[in-house]
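Here is how the chains run, residue by residue.
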Amino acid sequence: MNKLPKFITFDAYGTLINFQLGKATLDVLGDRAKIIDTDKFLNEYHDARWEDIFKPYRSYEALLRRCFGNIARKYHIEFTEDDVDAMIAAIPTWGPFPDVPPVLRKLREYCKIVIISNTEDHIIERNIENIGVPFDNHISAQQARAYKPSPVVFNYTLKKLGCDKSEILHVAQGFEYDIMPAHDLGWKAVWINRYGIKGDTAYGPYDELTDLTGLPALLGI
Amino acid sequence: MSKLPKYITFDAYGTLLTWTLEHAVEQILGDRIKQIDWEAFQNEWHVARWNDILIEYRPYETMMRRCFGNMLRKYGVDFTEEDCDAMIANITNWEPFPDVPPVLRKLREYCKIVIISNSEDRFIEKNIEKIGVPFDDFVTAEQARAYKPAHKVFNYTLKKLGCDKSEIVHCAQGFEFDIIPAHELGWKAVWINRGGNPGDKAYGPYDELPDLTGLPGLLGI
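Those sequence lines, one after another, are chains A and B. For what it's worth, the working numbering labels the leading residue of the first sequence as 1, then goes sequentially. For what it's worth, the working numbering labels the leading residue of the second sequence as 222, then goes sequentially.
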């Protein structure tokens, strides 16, 4: 890339923020998790969230509550609203991966940095505080009233930032949530493949990095 | 009132729109309702919601789902997330009281009309469609990140409208949610006492009407 983008947009959970919903869920369940196949439970919970984000928009908390409730019932786990509250309360406490703050501090000397996250404002604002680096803007599912990978979110972003897609570089760990829609919409993208999974160049071109460390160099900074 | 206000602010649920949540839940629970003291359930549920809005802000759907879930568990009623979905879906089906649309149409020829609701934007927008009269603005708990009776909501309203409290008349059916904080903050208020409840002049001065029909007359229109 020989030209710096005006905006670098980042997915938050899993890209900048260490997303630990599985751990938070198991912490809440405690001994109740012993009677279930936790890997299977968490996979089903993940799949349920993926399905729910395509339904008419509801707030992230509401989406998590209903997905968790459905799966917990399916596994015959007794739970209370306090359990669900505790699981959700963990989200705004999550902080950044260690490579993130120094790279963001460097990037923001050259470009505007923005978060695009499948969450709610009152939650992501706390996550941003935890990152400890100020962002120029943030876009949430709450604002767009849709969840990535919906193009509604990406098009809302262009409108909110008042820019063209050619001025943006989108950086994300989620392949289905971010890289695929970026491809569909013709956004430049960098895949942060933190977990060393297999990509698919059919959804390219995209650059690939294992974490954020190499991003300034990729941009010629 | 000798001088027309610049803004008339209205509470929504119970003031402009019929609150039929309990009736909806009767349909949703069906035979399950026979196993419980439904009167006691409704009273406790109301108190639970009141208590919940006074704690840390959570979105309306979250607050409603958790209060409903807590109550159903307490009363030993089996339920699914679909039951909660149906309860939530009912909110946007509420109809305006018959006196509301003609009065609003008249008032908006003279003043700006605004809703202040303990709800989420995506719900209140549908409620406004149901009323069938355009509003000049609306303020929600989602925007203010607090629920009435918190003063935060009223102060947020002044900031959003860019006006002084002396330019507003607030009309509401809820005494604790609306009339008491209006008194505390020195807002002019009209209590729409649809339920024929005893008021409390200690929280006056306020005007009192049984529905919206007399409001234009009260304002000298």
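Check the hints yourself; a few may be wrong.
Stated by the list, open to error - Facing chain A, a subset of chain B residues (Cβ under 8 Å, in silico):
id : residue
1  : TYR278
2  : ARG279
3  : ARG286
4  : ARG287
5  : GLY290
6  : ARG294
7  : GLU302
8  : ASP421
9  : LYS422
10 : ALA423
Said to hold, decoys possible - Restricting the straight-line Cα-Cα distance to at most 30 Å, the calculated cross-link-like pairs of lysine-lysine (BS3-like) are:
id : chain 1 : residue 1 : chain 2 : residue 2
11 : A       : LYS74     : B       : LYS373
12 : B       : LYS255    : A       : LYS159
13 : A       : LYS40     : A       : LYS74
14 : A       : LYS159    : B       : LYS380
15 : A       : LYS23     : B       : LYS386
16 : A       : LYS160    : B       : LYS380
17 : B       : LYS333    : A       : LYS159
18 : B       : LYS373    : B       : LYS409
19 : A       : LYS23     : A       : LYS160
20 : A       : LYS55     : B       : LYS351
21 : B       : LYS255    : B       : LYS409
22 : A       : LYS106    : A       : LYS3
23 : B       : LYS224    : A       : LYS160
24 : B       : LYS255    : A       : LYS112
25 : B       : LYS224    : B       : LYS295
26 : A       : LYS160    : B       : LYS347
27 : A       : LYS74     : B       : LYS295
28 : B       : LYS409    : B       : LYS227
29 : B       : LYS255    : B       : LYS227
30 : A       : LYS159    : B       : LYS422
31 : B       : LYS351    : B       : LYS295
32 : B       : LYS224    : B       : LYS380
33 : A       : LYS165    : A       : LYS106
34 : A       : LYS160    : B       : LYS422
35 : A       : LYS112    : B       : LYS409
36 : B       : LYS373    : B       : LYS333
37 : A       : LYS40     : A       : LYS165
38 : B       : LYS295    : A       : LYS160
39 : B       : LYS295    : A       : LYS34
40 : B       : LYS327    : B       : LYS347
Calculated directly from the structure, the hints in this document are not laboratory data. By construction, the Cβ of each residue, glycine as well, lies at the ideal position given by its N, Cα and C atoms.
Status of the hints after comparison with the structure:
no., hint, result
1, TYR278, "holds, 7 Å"
2, ARG279, "holds, 6 Å"
3, ARG286, "holds, 5 Å"
4, ARG287, "holds, 4 Å"
5, GLY290, "holds, 5 Å"
6, ARG294, "holds, 6 Å"
7, GLU302, "holds, 4 Å"
8, ASP421, "violated, 33 Å"
9, LYS422, "violated, 38 Å"
10, ALA423, "violated, 35 Å"
11, LYS74(A) to LYS373(B), "violated, 41 Å"
12, LYS255(B) to LYS159(A), "violated, 52 Å"
13, LYS40(A) to LYS74(A), "holds, 12 Å"
14, LYS159(A) to LYS380(B), "holds, 25 Å"
15, LYS23(A) to LYS386(B), "violated, 48 Å"
16, LYS160(A) to LYS380(B), "holds, 22 Å"
17, LYS333(B) to LYS159(A), "holds, 29 Å"
18, LYS373(B) to LYS409(B), "holds, 17 Å"
19, LYS23(A) to LYS160(A), "violated, 34 Å"
20, LYS55(A) to LYS351(B), "holds, 22 Å"
21, LYS255(B) to LYS409(B), "violated, 45 Å"
22, LYS106(A) to LYS3(A), "holds, 16 Å"
23, LYS224(B) to LYS160(A), "violated, 40 Å"
24, LYS255(B) to LYS112(A), "violated, 59 Å"
25, LYS224(B) to LYS295(B), "violated, 51 Å"
26, LYS160(A) to LYS347(B), "holds, 23 Å"
27, LYS74(A) to LYS295(B), "holds, 20 Å"
28, LYS409(B) to LYS227(B), "holds, 12 Å"
29, LYS255(B) to LYS227(B), "violated, 50 Å"
30, LYS159(A) to LYS422(B), "violated, 50 Å"
31, LYS351(B) to LYS295(B), "violated, 34 Å"
32, LYS224(B) to LYS380(B), "holds, 22 Å"
33, LYS165(A) to LYS106(A), "holds, 23 Å"
34, LYS160(A) to LYS422(B), "violated, 48 Å"
35, LYS112(A) to LYS409(B), "violated, 45 Å"
36, LYS373(B) to LYS333(B), "holds, 22 Å"
37, LYS40(A) to LYS165(A), "violated, 39 Å"
38, LYS295(B) to LYS160(A), "violated, 45 Å"
39, LYS295(B) to LYS34(A), "holds, 25 Å"
40, LYS327(B) to LYS347(B), "holds, 22 Å"
Checked against the numbered hints above, the structure violates hints 8, 9, 10, 11, 12, 15, 19, 21, 23, 24, 25, 29, 30, 31, 34, 35, 37 and 38; every other hint is satisfied.
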